[in-house]
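J.: One point on numbering: in this note's numbering, the residue at position 55 of the sequence shown is 529, and numbering is uninterrupted.
Simulated from the structure, these hints should not be mistaken for lab results. A virtual CB, placed ideally from N, CA and C, is assigned to each residue, including glycine. Some hints here could point you the wrong way.
[Stated by the list, open to error] Simulated restraints, written as ranges between beta carbons of each label pair:
| id | residue 1 | residue 2 | range |
| --- | --- | --- | --- |
| 1 | Glu949 | Leu506 | 43 to 49 Å |
| 2 | Arg934 | Lys991 | 46 to 52 Å |
| 3 | Lys645 | Thr875 | 38 to 44 Å |
| 4 | Ser958 | Asp676 | 24 to 30 Å |
| 5 | Asp641 | Asp519 | 27 to 33 Å |
| 6 | Asp621 | Asp692 | 19 to 25 Å |
| 7 | Asp519 | Ile492 | 38 to 44 Å |
| 8 | Leu938 | Asn682 | 17 to 23 Å |
| 9 | Ile877 | Asn671 | 41 to 47 Å |
| 10 | Asp952 | Leu994 | 19 to 25 Å |
| 11 | Arg1007 | Asn503 | 20 to 26 Å |
| 12 | Asp621 | Asp641 | 31 to 37 Å |
| 13 | Thr875 | Lys560 | 35 to 41 Å |
[Unchecked claim] The calculated BS3-like cross-link candidates involving lysine-lysine, where the alpha carbons are at most 30 Å apart (straight line), are:
| id | residue 1 | residue 2 |
| --- | --- | --- |
| 14 | Lys629 | Lys535 |
| 15 | Lys1000 | Lys678 |
| 16 | Lys666 | Lys524 |
| 17 | Lys622 | Lys636 |
| 18 | Lys964 | Lys690 |
| 19 | Lys679 | Lys666 |
| 20 | Lys974 | Lys1000 |
| 21 | Lys629 | Lys690 |
| 22 | Lys636 | Lys974 |
| 23 | Lys645 | Lys898 |
| 24 | Lys678 | Lys636 |
| 25 | Lys528 | Lys898 |
| 26 | Lys569 | Lys629 |
| 27 | Lys528 | Lys566 |
| 28 | Lys638 | Lys964 |
| 29 | Lys528 | Lys991 |
| 30 | Lys690 | Lys678 |
| 31 | Lys992 | Lys525 |
| 32 | Lys517 | Lys535 |
| 33 | Lys642 | Lys974 |
| 34 | Lys678 | Lys992 |
| 35 | Lys567 | Lys528 |
| 36 | Lys679 | Lys690 |
| 37 | Lys622 | Lys666 |
| 38 | Lys646 | Lys995 |
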Amino acid sequence: MNTITDKNDETLNKLIEIQAKQFEEYGKNMSLQLRSLYQEFIKQDDEILKKCLKFYENYQKEIIYQRDLINDLSARVENLEIHFNKNDQDIKKFKRDFYYLFKLCNNDTMKDYENVLWMYKDLSLYDDNENILNNSNSTKSSSFQQDKLDQIHSKIQNILIKRKNFDKIIKKRNFKILSYNFTSEELIQYTKSENFNSLSDDIKKIINNLIIRMLKEDELTSCEGRWMNKSSNLGDKDANWGDNVSLNLGDNTKDEVNKTNIRTNNHVNSHTNVEDVSSNRGDYVKATDLSSNLGDNSANIHVNVHATAFEDTSSNRENYTKVEVNQAKIHANIHANIHANIHADNHANNHANVRATDLEDVNSNWGDNMKDETNQINIHANNHNTNIHANYANSLYQETTPILENLHSRIQQMGIQKGILGHKVRLRHFTAFLRSFNISDFIQYIETNQFYSLDDNLQRLINLLIHRSLSEEFEQEDMILSQSLEEYIKRGLIPELPLKYNNYTEYRKSHMYNGLKKNLKRNVRKLVELEARLTANE
């Protein structure tokens, strides 16, 4: 019995040892699995925490932007309330004053006039009415001017806040919109305000450069306008003079005038042909240099021609009167022929030439032919410079083609429709435009004044559409660029090539390539592949 019991005990002990080993191995496996699960949970938790922090930071930026915008709007509302109260008081005062003025003007008898006059004196309108009107005008103008200054400062602050929130670099073109919403005088007044002094030096420099450019454009435009006004006024005066004199002409004088007319027109045509030929040879430069001391004043040239033509008239008053009458007759018919034969756009420039030619023919026997010829050359040279100046002024402005006008009208129509429906314009709404227009049309459109007449949201979406379309070109296998490299550099899609590198293949081997971001590296690699294909095709 003892041996059987010992065997059973040994068997039981062996089973217990086997179970203990299995349980120990199971415990180790469980601990390893729990540890791996815990580590995965920590990683996922860290990723979720990072996403939450990033989401929180973005909303903090948006909250700060909205808070700054609310503060600016509240300050603007306070200023408007102050100006409204001032204007309301001024309106009430002027209503009362004009009531008594109207009553004073409608009184018929002297007694009624004296009864109202004392009220008129108490209102300080009897002797100082001009001062009151001047003060009211200055008050209104000052309040209006202050409103403009506040608008300029608010616009600048919005630009700075937007660029700062999106971590974008502030550039000169961001402030170009100020030239379309405000005049150069208003911006100059803004530079004298305290708000301008609160800006940084870089922003001040950008605004000052913008004002200088606007002044140059205004000067060119005003010069062109003065020339057109002077030429049109000169033509109107001469037309009235010629029409009045031609009414008194007889039949005999008409024949003489017609002969002189034919000779003058032939002289003008021959002179025009000579001028065209000499411009091709470069001889016209001498005439331009000769007229450089005369300036751009056509009225002074006109007076000089008269003074030269009638220099020796003091000796014979009767001949002077006859010549003046003949001159009036000739000029009337020449002016009519000019209107019939010369295009309206060239009339202002050729009118002074014809007038000088008339004076030369009428006074050909007076012995001053050399002076008249010199003045005639000067007038032609000055008109030539005027045409060059006008063409240069017109070239400063971007021309709009029918395609761009159609694009602008469709964008405006879409904005109006979405506004009526109460919907916001999204980027997906512009994808339908790519069926009728290409990306080059949009790039040309953003350089026109019509683009800057749109609101900020539409401008942002159009720039975003261009950026997305150009960036999608780098995702093609066999990439083909639709625009010049400068356009991609300007939009930050590729880095600017330094002067010491001839192509992007050399640039990729430099240390500067390693410091680029992933998307820029990918785009540079695409450019290198494109350069390799072009080299192989050559």
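J.: If a hint holds in the structure, say so; if it does not, say that too.
T.: Hint check:
1. Glu949 x Leu506: 43 to 49 Å: Since Glu949 and Leu506 have Cβ atoms about 45 Å apart, the given range 43 to 49 Å holds.
2. Arg934 x Lys991: 46 to 52 Å: The hint (46 to 52 Å, Cβ to Cβ) is violated, given that Arg934 and Lys991 are roughly 22 Å apart.
3. Lys645 x Thr875: 38 to 44 Å: 27 Å, violated
4. Ser958 x Asp676: 24 to 30 Å: Check passed, 29 Å falls within 24 to 30 Å.
5. Asp641 x Asp519: 27 to 33 Å: 29 Å, holds
6. Asp621 x Asp692: 19 to 25 Å: 22 Å, holds
7. Asp519 x Ile492: 38 to 44 Å: Since Asp519 and Ile492 have Cβ atoms about 41 Å apart, the given range 38 to 44 Å holds.
8. Leu938 x Asn682: 17 to 23 Å: 31 Å, violated
9. Ile877 x Asn671: 41 to 47 Å: 45 Å, holds
10. Asp952 x Leu994: 19 to 25 Å: 20 Å, holds
11. Arg1007 x Asn503: 20 to 26 Å: 58 Å, violated
12. Asp621 x Asp641: 31 to 37 Å: Taking Cβ atoms as reference, Asp621 and Asp641 lie about 33 Å apart, which means the hint holds.
13. Thr875 x Lys560: 35 to 41 Å: 48 Å, violated
14. Lys629 x Lys535: Answer holds: Lys629 to Lys535 is near 20 Å, not above 30 Å.
15. Lys1000 x Lys678: Cα-Cα ~40 Å, so violated.
16. Lys666 x Lys524: Violated, at roughly 48 Å.
17. Lys622 x Lys636: Given pair Lys622, Lys636 holds - Cα atoms ~21 Å apart, limit 30 Å.
18. Lys964 x Lys690: Given that 30 Å is the threshold and the Cα spacing comes to 26 Å, the pair holds.
19. Lys679 x Lys666: OK: Lys679 and Lys666 at ~14 Å, within 30 Å.
20. Lys974 x Lys1000: Holds - the C-alpha atoms of Lys1000 and Lys974 are around 21 Å apart, at most 30 Å.
21. Lys629 x Lys690: 23 Å, holds
22. Lys636 x Lys974: Between Lys636 and Lys974 the Cα gap is close to 36 Å, so the pair fails against 30 Å, i.e. violated.
23. Lys645 x Lys898: 28 Å, holds
24. Lys678 x Lys636: Answer holds: Lys678 to Lys636 is near 18 Å, not above 30 Å.
25. Lys528 x Lys898: Roughly 26 Å separates the two Cα atoms, so the pair holds.
26. Lys569 x Lys629: 36 Å, violated
27. Lys528 x Lys566: With a Cα-Cα distance of about 56 Å, the restraint between Lys528 and Lys566 is violated, given a limit of 30 Å.
28. Lys638 x Lys964: Judged against 30 Å, a Cα distance of about 19 Å means the pair holds.
29. Lys528 x Lys991: 20 Å, holds
30. Lys690 x Lys678: Distance ~19 Å between Lys690 and Lys678 Cα, so the pair holds.
31. Lys992 x Lys525: Answer holds: Lys992 to Lys525 is near 21 Å, not above 30 Å.
32. Lys517 x Lys535: 27 Å, holds
33. Lys642 x Lys974: Given that 30 Å is the threshold and the Cα spacing comes to 28 Å, the pair holds.
34. Lys678 x Lys992: 35 Å, violated
35. Lys567 x Lys528: At roughly 59 Å apart (the allowed maximum being 30 Å), Lys528 and Lys567 break the hint.
36. Lys679 x Lys690: Roughly 17 Å between the alpha carbons, so the hint for Lys679 and Lys690 holds.
37. Lys622 x Lys666: 13 Å, holds
38. Lys646 x Lys995: With a Cα-Cα distance of about 28 Å, the restraint between Lys646 and Lys995 holds, given a limit of 30 Å.
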